[in-house]
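**Student:** Here the protein sequences come in this chain order: A and B. Quick note: the first sequence uses UniProt numbering, first residue 1, plus one each step. Quick note: the second sequence uses UniProt numbering, first residue 1, plus one each step.
Everything labelled a hint here was simulated from the structure, so no lab data went into it. A hint or two may mislead.
[To be verified] Listed below are several chain B residues computed to face chain A (Cβ distance under 10 Å; list not exhaustive):
1. His51
2. Asp54
3. Val140
4. Val141
5. Gln144
6. Val190
7. Val193
8. Asp194
9. Thr263
10. Glu288
11. Thr291
12. Thr311
13. Glu327
14. Met336
15. Asn367
[Said to hold, decoys possible] No farther apart than 30 Å at their CA atoms in a straight line, the calculated lysine-lysine pairs in the DSSO-like style are these:
16. B:Lys433 with B:Lys361
17. A:Lys361 with B:Lys108
18. B:Lys431 with A:Lys108
19. A:Lys361 with A:Lys433
20. B:Lys108 with B:Lys196
21. A:Lys431 with A:Lys361
Quick caveat, the model's predicted, so the values are computed rather than measured. Every residue, glycine too, gets a C-beta built ideally from N, C-alpha and C.
Okay, here's what each chain looks like letter by letter:
2 protein chains.
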Amino acid sequence: MQDQITPDDAFGGPDAGDGAYALDTVAIDAILESVEAGDQSRLIELLAPLHSADIADVLEQISGAEREALLGLWGTEFDGDVLSELDENLRADLIETLPADVMSSALKDLESDDVVDLVEDLEQLQQTRVLDALEQADRVVVEQSLQYPEESAGRLMQRELVMAPAHWTVGDAIDHLRSENDLPYRFYVVVIVDPKMQPIGKVALSDLMSSPRDTMLATIMDEHFHVIPVTQTQEDVAYAFNQYHMVSAPVVDEEGRLVGVITIDDAMLVLDEEAEEDLRLLNGVGDESLTDSVLDTTRQRFPWLGVNLITAVLASVVISQFSDTIEAIVALAVLMPIVASMGGNAGTQTLTVAVRALATKDLTASNAMRVIRREVMVGLLNGLVFAVIIGVVGVVWFGSAMLGVVLGLAMIANLLIAGMAGILIPITLTKLKIDPALASGAFVTTVTDVVGFFAFLGLAAVMLT
Amino acid sequence: MQDQITPDDAFGGPDAGDGAYALDTVAIDAILESVEAGDQSRLIELLAPLHSADIADVLEQISGAEREALLGLWGTEFDGDVLSELDENLRADLIETLPADVMSSALKDLESDDVVDLVEDLEQLQQTRVLDALEQADRVVVEQSLQYPEESAGRLMQRELVMAPAHWTVGDAIDHLRSENDLPYRFYVVVIVDPKMQPIGKVALSDLMSSPRDTMLATIMDEHFHVIPVTQTQEDVAYAFNQYHMVSAPVVDEEGRLVGVITIDDAMLVLDEEAEEDLRLLNGVGDESLTDSVLDTTRQRFPWLGVNLITAVLASVVISQFSDTIEAIVALAVLMPIVASMGGNAGTQTLTVAVRALATKDLTASNAMRVIRREVMVGLLNGLVFAVIIGVVGVVWFGSAMLGVVLGLAMIANLLIAGMAGILIPITLTKLKIDPALASGAFVTTVTDVVGFFAFLGLAAVMLT
Chain A
1 MQDQITPDDA FGGPDAGDGA YALDTVAIDA ILESVEAGDQ SRLIELLAPL HSADIADVLE
61 QISGAEREAL LGLWGTEFDG DVLSELDENL RADLIETLPA DVMSSALKDL ESDDVVDLVE
121 DLEQLQQTRV LDALEQADRV VVEQSLQYPE ESAGRLMQRE LVMAPAHWTV GDAIDHLRSE
181 NDLPYRFYVV VIVDPKMQPI GKVALSDLMS SPRDTMLATI MDEHFHVIPV TQTQEDVAYA
241 FNQYHMVSAP VVDEEGRLVG VITIDDAMLV LDEEAEEDLR LLNGVGDESL TDSVLDTTRQ
301 RFPWLGVNLI TAVLASVVIS QFSDTIEAIV ALAVLMPIVA SMGGNAGTQT LTVAVRALAT
361 KDLTASNAMR VIRREVMVGL LNGLVFAVII GVVGVVWFGS AMLGVVLGLA MIANLLIAGM
421 AGILIPITLT KLKIDPALAS GAFVTTVTDV VGFFAFLGLA AVMLT
Chain B
1 MQDQITPDDA FGGPDAGDGA YALDTVAIDA ILESVEAGDQ SRLIELLAPL HSADIADVLE
61 QISGAEREAL LGLWGTEFDG DVLSELDENL RADLIETLPA DVMSSALKDL ESDDVVDLVE
121 DLEQLQQTRV LDALEQADRV VVEQSLQYPE ESAGRLMQRE LVMAPAHWTV GDAIDHLRSE
181 NDLPYRFYVV VIVDPKMQPI GKVALSDLMS SPRDTMLATI MDEHFHVIPV TQTQEDVAYA
241 FNQYHMVSAP VVDEEGRLVG VITIDDAMLV LDEEAEEDLR LLNGVGDESL TDSVLDTTRQ
301 RFPWLGVNLI TAVLASVVIS QFSDTIEAIV ALAVLMPIVA SMGGNAGTQT LTVAVRALAT
361 KDLTASNAMR VIRREVMVGL LNGLVFAVII GVVGVVWFGS AMLGVVLGLA MIANLLIAGM
421 AGILIPITLT KLKIDPALAS GAFVTTVTDV VGFFAFLGLA AVMLT
């Protein structure tokens with residue numbers, strides 16, 4: 001069976017393109033109808049063709065009540081892979097509510113690394129619940145992986161892998177693979193190890209296939225490859241896969257012994273996570289998901305708004321210092337938000353570029369000075385341009401040349417500072433080993449607000465009164 | 001040789017961890033010294049162990065003058081893969097400046113899809129320059145790919161692939177692979193096609209390897225797989241790979257005939273691009289890179305700041321309607337930015353979640369209503385909480401209970417509106433087939449600024465004067 005993804009239909013419903021997208025509203029409605037009708041065979045028939053990731057999406061998109069009903073009707077038919085596709089918070093809920101028999105039958109469908117990925121975010125009590133549902137052998141493997149730090153290569157890797165000594169021939173390897181009946185579900189390379197179990201090369205399956213049986217693996221193995229320390233952060237792992245277009249890489253322990261392998265599909269998920277995290281943090285959102293309750297979401301967002309309130313009050317304190325000036329010239333109150341807001345935007349622009357460049361390691365000690373200089377120049381240039389524009393606006397609007405000059409000067413000052421803050425703050429945080437995406441935003445806007453109001457009102461106080 | 005990536009060193013320099021990271025400042029300094037010394041053999045020796053992606057990073061991180069000197073010294077030794085690793089703008093510059101002989105020798109190193117990826121962003125004149133440097137055969141392939149729309153599967157796919165009829169045995173396939181001497185550089189599956197060249201299944205190499213020679217491919221082929229229409233957007237392709245954990249997928253033309261294959265490493269790059277694009281657009285940055293000149297960068301950012309200026313002036317117009325009120329109670333001027341800024345932040349929070357959820361198709365017609373309701377409730381709740389906090393601040397600071405009440409009510413109104421705008425605007429834009437990340441930011445902040453100032457000053461005018 002062939003599916004064509006045409007995600008335009010995601011917002012389609014009845015009018016949706018060719019409706020081929022596995023998950024258009026029509027499909028979901030049909031599923032919900034079968035649930036309401038309590039028609040299990042129909043439900044199973046509808047879910048059968050769907051990928052577990054799509055089924056997870058269904059569960060995420062329907063209401064809590066509908067979800068409960070669906071799971072109840074699905075029963076032990078429940079597909080374990082769906083669990084690993086669900087977003088964390090919903091997954092935790094499910095694991096709490098799923099009956100023991102459903103759980104254990106569900107877990108049988110999973111690879112060890114999926115189970116790890118599944119239990120690591122759970123609280124102690126739920127973890128034990130899952131681990132108990134596992135067979136002894138699997139449980140041991142999972143518990144071993146859980147020994148490694150969170151978000152480390154050790155958690156990401158799969159332990160099932162294919163290895164061979166360098167003196168084997170292609171024929172030996174193929175015969176081994178044919179005889180071996182417990183092969184990993186998916187593998188792309190044979191890792192070549194020395195007697196001490198240290199990886200010394202790898203042979204891509206495509207090379208293995210296309211070489212004569214009597215070829216020695218040593219002669220076709222790729223000796224230039226990356227090994228990943230088991231303790232390396234998943235972020236660095238994803239970076240390596242992306243930077244070097246790796247498809248799979250051996251993971252080694254402190255003694256350099258082969259302990260597992262990480263494949264590109266794992267890295268791809270991490271890369272996606274990390275990019276999304278930068279986006280969220282930069283815009284003041286935590287690790288929330290659409291299925292979170294109103295209360296959870298409110299609690300999640302509160303701290304970010306709290307920080308913003310403090311910086312906003314700080315800006316107000318600055319303004320309050322110039323109450324008399326404002327009282328004398330009320331036009332200042334009208335115009336002052338412009339300078340601050342422009343600074344905030346310019347600062348965010350620089351900050352965004354800087355944070356991404358730091359994440360992708362395009363911004364390093366080698367070019368930091370040049371980039372800083374560039375951002376300052378850009379801030380100055382845009383400052384000059386917008387100084388003229390806003391200056392004219394000020395003059396035309398309030399008919400005071402001097403007011404226009406004040407506006408222009410304040411604009412230059414603030415965009416210049418915005419550029420500096422936007423680049424210096426994330427670099428400094430990185431040097432302090434703090435995630436620049438996390439805190440930079442608040443710092444930068446504080447700077448641009450304070451400077452914006454102070455420059456504008458201060459200049460006005462001096463030059464207009 | 002084994003490299004361990006320890007990107008902490010990216011900001012390391014001499015004090016950098018174990019310095020194993022291919023690109024610590026030490027390495028770059030050494031390279032630059034060899035360039036200054038004009039010592040070509042030393043330069044080549046230093047670059048040899050580096051991955052082309054790392055060499056590209058070096059070129060991106062050194063100054064323009066240093067770059068020129070390095071390339072001059074490197075000469076025809078120049079590695080073509082570096083071209084495809086460079087960021088677009090710098091790549092364009094290079095292609096303009098590289099001598100013809102260097103170009104043609106460089107291009108020989110590249111796969112057809114890399115060449116396509118390389119020329120598609122170039123202007124007509126440069127394109128011809130590159131195409132002329134190609135051998136006839138390659139040129140035809142590249143020109144064919146360029147027939148497909150930009151950012152389509154047709155541009156992304158590689159045409160080199162391995163296919164076989166269903167009636168072949170594993171042995172036939174392996175013998176074919178061994179005899180075939182023009183195999184793709186990297187492949188993971190054998191695509192099974194019918195006589196009309198339409199894909200009817202695929203066999204992972206790992207399954208091919210582990211099956212006896214006499215097994216019919218028909219019996220081990222996976223018939224449940226995604227085919228990608230050659231005209232599908234690369235964004236949708238990346239989504240499919242990420243959603244369904246695909247490793248490679250056949251690409252078909254209008255008649256469903258196999259025309260190429262896309263592999264996960266291509267999809268990974270696109271996914272990274274698309275996530276970065278969302279981040280940039282949401283924060284008002286275009287497709288710029290660290291190597292852009294000051295002037296280019298200034299020009300790039302100008303339009304975003306221009307739009308922001310318009311919305312800021314709009315807010316000022318609202319404020320100006322209440323000049324008399326402000327003149328009477330200058331405290332209003334001091335406090336009014338708080339309400340606006342809180343609204344802006346709350347709106348951005350919702351917007352960020354919405355834009356990502358739309359990109360990952362977690363927000364669809366099926367759950368839109370529920371999500372909208374949730375965002376409104378969250379806005380209301382946080383509004384109530386911060387209304388109390390800011391109300392108290394107002395009372396304590398200016399000793400007017402009424403002022404506190406006004407502040408609180410305005411806060412509730414603005415956070416409520418912020419929640420609505422943050423979710424409704426991106427959904428509407430999506431329905432209008434406009435990228436929500438592109439325009440939402442400006443709309444949302446305009447709404448929150450206008451509503452923020454209007455609600456606060458309007459209420460003040462009514463209740464305080």
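**Student:** Among all the numbered hints in the text so far, which are the ones the structure does not match?
**Tutor:** 3, 4, 5, 7, 8, 18 and 20
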